[in-house]
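Protein chains: 4
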Amino acid sequence: MFIETIKTPGLAHLSYIVGSAGEAAVIDPRRDVGAYISIAKQHDCRIKYIFETHRNEDLISGAAILAKLTQAEVKHGPNADGKVQYADIVKQGERFKVGHICLEILETPGHTKDSISILLFDSEYDSGAVGVFSGDTLFVGDVGRTDFYPEQAAEMAGMLFDSLQLIADKAKHAIVYPAHGAGSVCGDGMAEREFSTVAHELSNNPMLQINKRDEFITNKLAEQHYRAPYFSVMEQLNLEGASATNAPRIVSPLKLIELQSQKHGWLIDVRPVEGFLAAHYPGSVCLPVAMLTAYAGWLFHPEDNITLIAQDDAMASAAALHLARIGFDNTQRYVVGSFTEFAAMGGDFTTLDTLTAAEVKELQQQDWQLLDVRKITEYQQRHIKGSQQLFLGHLATSLDQLDPETHYITMCASGMRASVAASYLRANGINNVKVFMGSLGAWLNASYPVEG
Amino acid sequence: MFIETIKTPGLAHLSYIVGSAGEAAVIDPRRDVGAYISIAKQHDCRIKYIFETHRNEDLISGAAILAKLTQAEVKHGPNADGKVQYADIVKQGERFKVGHICLEILETPGHTKDSISILLFDSEYDSGAVGVFSGDTLFVGDVGRTDFYPEQAAEMAGMLFDSLQLIADKAKHAIVYPAHGAGSVCGDGMAEREFSTVAHELSNNPMLQINKRDEFITNKLAEQHYRAPYFSVMEQLNLEGASATNAPRIVSPLKLIELQSQKHGWLIDVRPVEGFLAAHYPGSVCLPVAMLTAYAGWLFHPEDNITLIAQDDAMASAAALHLARIGFDNTQRYVVGSFTEFAAMGGDFTTLDTLTAAEVKELQQQDWQLLDVRKITEYQQRHIKGSQQLFLGHLATSLDQLDPETHYITMCASGMRASVAASYLRANGINNVKVFMGSLGAWLNASYPVEG
Amino acid sequence: MFIETIKTPGLAHLSYIVGSAGEAAVIDPRRDVGAYISIAKQHDCRIKYIFETHRNEDLISGAAILAKLTQAEVKHGPNADGKVQYADIVKQGERFKVGHICLEILETPGHTKDSISILLFDSEYDSGAVGVFSGDTLFVGDVGRTDFYPEQAAEMAGMLFDSLQLIADKAKHAIVYPAHGAGSVCGDGMAEREFSTVAHELSNNPMLQINKRDEFITNKLAEQHYRAPYFSVMEQLNLEGASATNAPRIVSPLKLIELQSQKHGWLIDVRPVEGFLAAHYPGSVCLPVAMLTAYAGWLFHPEDNITLIAQDDAMASAAALHLARIGFDNTQRYVVGSFTEFAAMGGDFTTLDTLTAAEVKELQQQDWQLLDVRKITEYQQRHIKGSQQLFLGHLATSLDQLDPETHYITMCASGMRASVAASYLRANGINNVKVFMGSLGAWLNASYPVEG
Amino acid sequence: MFIETIKTPGLAHLSYIVGSAGEAAVIDPRRDVGAYISIAKQHDCRIKYIFETHRNEDLISGAAILAKLTQAEVKHGPNADGKVQYADIVKQGERFKVGHICLEILETPGHTKDSISILLFDSEYDSGAVGVFSGDTLFVGDVGRTDFYPEQAAEMAGMLFDSLQLIADKAKHAIVYPAHGAGSVCGDGMAEREFSTVAHELSNNPMLQINKRDEFITNKLAEQHYRAPYFSVMEQLNLEGASATNAPRIVSPLKLIELQSQKHGWLIDVRPVEGFLAAHYPGSVCLPVAMLTAYAGWLFHPEDNITLIAQDDAMASAAALHLARIGFDNTQRYVVGSFTEFAAMGGDFTTLDTLTAAEVKELQQQDWQLLDVRKITEYQQRHIKGSQQLFLGHLATSLDQLDPETHYITMCASGMRASVAASYLRANGINNVKVFMGSLGAWLNASYPVEG
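Protein chains in written order, with my numbering: chain A, 735 to 1186; chain B, 735 to 1186; chain C, 735 to 1186; chain D, 735 to 1186.
In isolation and in its complexed conformation, chain A is listed as follows (with noise of 0.2 Å):
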């Protein structure tokens, strides 16, 4: 009997693959499935069954895909906001045997309406389960976001509530496996930590503190959570199952040189921020690979053409993974290479200045306006006086609150999401834009005055 974790750096995302005696059943599989078939293969198990705890919005099922591979069965909660098509739906109690592994359905909304988690029972020590796949409803750390349907807001968060007794109840001692561990956008304030027990949950996790329902809605009514536009673009798709995907095509320096006399949509530069700062395309975006998954729904579109810059083929196919995994496709070309040799070729190239703390407190002197990027809950716990807060994800909808005159300074936690969102506007014409390298951090190890 094993199970075994699957993690998707960037989304966050956990998946599950659990398995006895020749059999095994995959739990939120996302969209590269190579990884759950050799786990079978190396356990020499067949998989049986595939799980959905929730249409997921931010991520691209393998579901479909793993489905047409393996001849598995997939499971899906009842109530999705349409029919979900390669799945069957499965309702409270319902079990599914997997050698001596037995899986129990439990319907626990309130992230979604459609969502259930699965309770794991050991069929020769079964006083009890032993584990439970809780989804998006319950994290080490928090709870699942219940904002999905603004009209049904209270409705949502309570039917949690509720979802999350019944967990308490049913699997007290067992083992917690969720959909998402720290860093996702389907929740903030996950643990770092990957294991836990709902016990464990019960005494520490901050939303299971509080032991009344209104109490509970209303904390979860206060809390703002940010919505990428590509969130219903992966809700359809994961109605119809997703295919699987092409690789990138390899364009070289040269043909990148051509590209500059036409419009070719997005150039995203995926190489470490520092490279970007030092030289980049002109017009292109810089968006290091690690954060990718995270905000190229929000400042891109799936139908979108992309043209990857990457340090080198790994890094470009990594990126181009990273893409197709939340459903951009039309990643069709890419450049690999250093931007010395580029400007060796006689290609443009552009730099973008970078401040010190001290740099930027003089500058704040000379009219240069501080353009926080962070989230609006980051900015409220504490920010530097007279700056401008603006999330990162909220750019793309937002540039008419900017003005092209204006010098801006970027700035969030570290300089990271400054970095890209200064590429992103002068990729859109705000022009005057520098980096405050360290931004708060340097701010604050500097010891100069925030607020908030």
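Some clues are possibly wrong.
Identical copies go unnamed one by one, so any copy, or any two together, can satisfy a pair.
Quick list of in silico lysine-lysine cross-link-like pairs, BS3-like style, CA-CA up to 30 Å [said to hold, decoys possible]:
1. K989 <-> K775
2. K802 <-> K989
3. K741 <-> K906
4. K802 <-> K1119
5. K831 <-> K782
6. K1095 <-> K989
7. K817 <-> K1119
8. K782 <-> K741
9. K831 <-> K1095
10. K989 <-> K782
11. K989 <-> K831
12. K741 <-> K1119
13. K802 <-> K831
14. K946 <-> K906
15. K1168 <-> K1119
16. K847 <-> K817
17. K831 <-> K906
18. K782 <-> K1109
19. K904 <-> K946
Just so you know, these hints were derived from the structure itself, not from any lab.
Since the structure is predicted, the reported quantities are computational estimates derived from the model, not experimental observations.
Assemble the complex: chain A is given as a structure, and chains B, C and D must be docked to it using the hints.
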């Protein structure tokens, strides 16, 4: 914050690495320590501490080697029978920080006098331990054996009872991380499943259903365990700290033909049982890779010279590694290839005859003696009338109980151990031996009667 | 500028990828094309061209699949027997640029009418070709067979003579990159060595020592080659362009017991020969992985349903891949495990008896018939008096030459092919068969007399 | 019979392993010898001999280490300047059997006095050598340098002429296997291509077109080569036989902040050049991984303490390995991470300004001094008027030729070496430095005038 389990097949040994914020700790490392170093690197962590839950008797500890390679400190519980030369002694309540993880020592004697368990706290969610490394004190589905000090058997069993109470008190809601899984010689009743919580064990583990100390002791004293002769060698080596190992050198099949005229220690044939039955080197002992760590320590001595006979280099390397893990370092030569080709080169080979259930039934009438090499506990449960029980592990010291003139049919549950036994008997001059293929399984499937 | 050789074991097939400055070309790709794509990526190259030196008869070409995945153009020589649907026709002297490499077509018919060779020039050091992809025209130590058009045998042999002259003229100082190495059915006398130069071949290759066209033709006409029935299927598939393959599904040993009552096509046991001899599924045919591509095309038909019996998943996967490379796609099930355990589950098994040289000598006196399944050329060289020659590949079509009442001893050079033959005979109702372990090798080592 | 090439990037070093029938030989192993052992294992071969074509001056030989691990014998040519302690001396005509391969020694002094070449014969096709390991005597497109004994320069060049004649005589039809490819410091004019034949070189290699001994010597004497100071250290180490290497230990970015107040030897930043330009640790030297082996030996001493600054662990490990290959073993610490985060932790950073061609043109009018750090041969071919040439490798010993008060613009062919030079100058107190991005390439693409 991560935790990864490193399983060592054969020994059913489980070791762990946990880490957070650039630091890591390893619990109960095996001798081949590359895996720990490589996982630490993936997480950009430095190994800061190595913990041993007790002095191992069934495998070589890698603590001294890993400490040398990483400058980590080794921590070992008090009351070991001798000085663990490479480790510091830790006591109840001592705490160690590993990034945001806090590890706290519980003294849990019983299996051995120096047994400790280690509580894992997340310093940011610290109401109760979230994990416990329970060594050989608590397993999934069983508890540690307490027969290592025969004169203090009741006392040790009582200590174990108290230690389990302590774990239940201090870590009820924690995930259990034991030092062994199913298949280990360190316990008989372990679950196939390798994940559980303390609370789930309290409801399901048969030994934890016994609430009275006296009754628990009585139960433990009634247990029948085998103790391999190599255990005492392991214990001695694990006081001193083992060194790294050498790779065996290749010799060709032709060289093996030359060996036929000389005496070169043991020839161990690690191919699948069926290959051995069809053709093997006269005088060689059948012991497939997967059974090596379980039986080599019984049938051979760590100082013996061993020549491995394997299908290919990968199999020979795996076998040599398995042997090194239990302290067998004199495996300097091996031979690769098929016996078909060996025969074509003029090499001598022999076969070992197999019998079906019907043939066994027939031969039993003709005074062939069934020799059942399963454990006494298995035999007591169910056996064929007229069969003689002699545990495979005891063959080396019990050859005088067998009669070279008798015709033996070896049997076990399936025929695997029976093949090993038959080959070992023939290597020791008891030549009239055949193997019962399918053994008790085949007998039962043929609906023949059993007793016990 | 790089060149890498991709070897396909079993088929002894050699394919190549060459590249320079971001571009690459592939010569004679096999069906599983992942290796070419991965090497191209490592070198940051785009595959621009795919060349086929001729229409393959012994393996499925991957050209159509690779072209689809990479948008590369496929180039094929003129005069194929039918239209190669996925390729452009190229003629003598056409040149293709791949970075700083220049590839030039030589028409070299003889082995087939559409055979070409491809000269490789370095455009910066272009006095003479530095390499030549010689397909099945010139091998290391041999030349291509010319028996595929029986009515034009002399004409084809003459063409080959001229083609070899052409290569000697145009590429005397080049390295030779042939399409096959030792062990291929496409030539008998190939060297074990896979690297050579045209000039070295001119001095060493026995066929290139024949300077007169007539004499060369006479020699070629005297050659005896076997032609597997699947060759014609391959040729047809290689006109159309093959598709990618499916992975076989796992069935458990228990399922295999069920199969015993039904008819499910062929059961092929791909374990090492020795495992088969000791215990196998009644009616199954022994054909170890390493021999699959050499004999499956003779004994079975690509349309046949095949159930593989393997030791583990890795072995089964390798076997399915080998079969797919020669067009066998109906291998949908396989079984993993040991026959010891199969017997314990109540499964039926049988053994296949082996004989030593001395035993064979003895049985020959008692009217057992030696059946030598080596090639006629091997037999003519040396054989045991009284033995009957019947090539293993011909068994499927020559069963009527054997007498079900006769007692046969199968033999070959070592016992490998003899085991395959014995199992095939028994699967076809000829039951009195034993295998001569070591075969001719053991006979000679015993200093028994041979003739021939 | 197999041959595999092991390339060492950075050093452009080529080593080889050949094998046949269970035996193998390695030619010119590098210090990290795992690759040879692993290839030998794949082919089920024992490494029997190790050959050194000469005592290496540009890398640490792995011969002593590999011999210790495999019990192979090491063979080295006569006339080394000192006793190679771990090797036997071999002479012209000595032959060594490796399975069916025969290796024969040719004494080919010229590059060094102890240089040998090794002919490869296939004992079954032995009319002429089929391969020649030509060491640093004959390369693809070039021949070895002969300037290591300045007082005997003409004599050495003459010896090389004779040695090349010998190779042409003995191995005209052989494939050439040289010890270096393009990019090595051991020759300037090597082809990008790494495969050739002696005959093809006779027609294409520029140096082999010179038929008169005197003319050849004159040509060699006119060559301008640089000799890194670490060469003499290598030569000494390669007499004694090097040991294996240690892995560097990780220090955190915070630890690096602490280091700022102390002196800890060199800080080498191995990230891509662009990352360094945007932000780096004050006082650190830019030397990307790919340039390490080419320049570390010039700028630093093998005994120096080195702290590596890398993007991640993989990059740091690669850098430490590159350094170990050329004898730098004191790289005990490194730092992983981005400078954005380093700045957020309060760490100090600095930038290095870049210039475009137009900006350079402008600044030249304002008395900024162009410093061209290419080799003198590159400079002589074409350079910008008014620029000062000083080879990057000579900076360490020529700092006194530069004026701390002058404003320098560093340049090279693309900007890579220019960045290294600028960082090195600043680390040595010459602070007014900017880097010409694109350097001569960008200048030419802008159609600005050059001379030379």
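We went through each hint and held it up to the structure:
no., hint, in the structure
1, K989 <-> K775, "between (42 Å within a copy, 18 Å between copies)"
2, K802 <-> K989, "between (38 Å within a copy, 22 Å between copies)"
3, K741 <-> K906, "both (25 Å within a copy, 28 Å between copies)"
4, K802 <-> K1119, "neither (56 Å within a copy, 52 Å between copies)"
5, K831 <-> K782, "within (9 Å within a copy, 43 Å between copies)"
6, K1095 <-> K989, "between (42 Å within a copy, 27 Å between copies)"
7, K817 <-> K1119, "neither (50 Å within a copy, 62 Å between copies)"
8, K782 <-> K741, "both (21 Å within a copy, 25 Å between copies)"
9, K831 <-> K1095, "neither (64 Å within a copy, 38 Å between copies)"
10, K989 <-> K782, "between (47 Å within a copy, 16 Å between copies)"
11, K989 <-> K831, "between (55 Å within a copy, 18 Å between copies)"
12, K741 <-> K1119, "neither (39 Å within a copy, 54 Å between copies)"
13, K802 <-> K831, "within (21 Å within a copy, 41 Å between copies)"
14, K946 <-> K906, "both (19 Å within a copy, 26 Å between copies)"
15, K1168 <-> K1119, "within (18 Å within a copy, 36 Å between copies)"
16, K847 <-> K817, "within (13 Å within a copy, 58 Å between copies)"
17, K831 <-> K906, "both (22 Å within a copy, 28 Å between copies)"
18, K782 <-> K1109, "neither (42 Å within a copy, 36 Å between copies)"
19, K904 <-> K946, "both (19 Å within a copy, 29 Å between copies)"
In terms of the numbered hints stated before, the structure departs from hints 4, 7, 9, 12, 18, listed from lowest to highest.
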